[in-house]
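In order, the protein sequences belong to chains L and U.
Counting along the first sequence from 1, when you hit position 86 you're at 86 in our numbering, and nothing is skipped either side.
Counting along the second sequence from 1, when you hit position 34 you're at 34 in our numbering, and nothing is skipped either side.
These are calculated hints, taken from the structure and not from any lab test.
Any given hint could be a false lead.
Unchecked claim - Cβ pair distances, simulated, as ranges:
hint : chain 1 : residue 1 : chain 2 : residue 2 : range
1    : L       : Glu63     : U       : Gly82     : 16 to 22 Å
2    : L       : Glu63     : U       : Pro111    : 44 to 50 Å
3    : L       : Gly61     : U       : Asp78     : 39 to 45 Å
4    : L       : Gly61     : U       : Arg60     : 36 to 42 Å
5    : L       : Gly16     : U       : Lys68     : 20 to 26 Å
6    : U       : Ser17     : L       : Leu74     : 27 to 33 Å
7    : U       : Pro111    : L       : Ser18     : 45 to 51 Å
8    : L       : His85     : U       : Arg75     : 42 to 48 Å
Computed from a predicted model, the values in this text were never measured in an experiment.
Glycine included, C-beta positions come from ideal geometry on N, C-alpha and C.
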Amino acid sequence: GAVVSQHPSRVICKSGTSVKIECRSLDFQATTMFWYRQFPKQSLMLMATSNEGSKATYEQGVEKDKFLINHASLTLSTLTVTSAHPEDSSFYICSARVLRDTDTEAFFGQGTRLTVV
Amino acid sequence: GEDVEQSLFLSVREGDSSVINCTYTDSSSTYLYWYKQEPGAGLQLLTYIFSNMDMKQDQRLTVLLNKKDKHLSLRIADTQTGDSAIYFCAESINSGYALNFGKGTSLLVTP
């Protein structure tokens with residue numbers, strides 16, 4: 001199946017610094033990728049939809065200036081958490097959907113555990 | 001978005017069958033998915049079903065869909081301790097849309 005690679009898997013950063021998370025589609029081109037956030041023992045909440053070559057679409061309540069998304073190529077989307085604070089500590093997961101004939105599958109990266117200290 | 005509801009916990013004995021249930025509210029849901037998440041890991045796609053199907057079987061997994069009642073279930077036959085994880089039900093209305101997830105069912109398999 002299609003592979004979505006996310007890096008890094010874990011990151012600890014100091015409060016006030018910025019962290020970049022990469023999401024790559026390894027064997028397919030993804031015009032659209034999605035970024036989710038998961039709090040402990042909670043479901044995944046969609047943060048934004050990343051479109052190649054255009055601005056990302058953010059969900060209500062998600063600060064676009066804090067969570068910068070760049071989808072510069074068909075295989076790479078990045079999420080930058082700017083001026084991170086402890087409340088930004090969470091599990092971030094990216095996803096890309098693949099359309100195969102009449103089927104569609106959504107593949108997820110391994111996730112990034114962000115801890116802000 | 002529309003709601004996707006799942007029971008939060010399920011405990012079964014090794015070798016028994018597990019049935020995880022999910023209900024959704026969006027009648028236009030076209031794609032329905034089951035994902036598995038092990039502790040600290042990402043999501044693993046287990047299986048998916050289209051809304052025009054009633055059932056899909058894949059080895060130990062059987063998905064049943066009752067579109068009228070908007071009810072989806074995942075049956076795991078011969079459940080093993082390695083099946084202990086959180087199982088997420090998800091739906092979307094379009095292939096280009098993001099998924100809408102339930103809160104996940106934590107499955108515990110005891111020896």
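Hints not upheld, ascending by number: 1, 5 and 6
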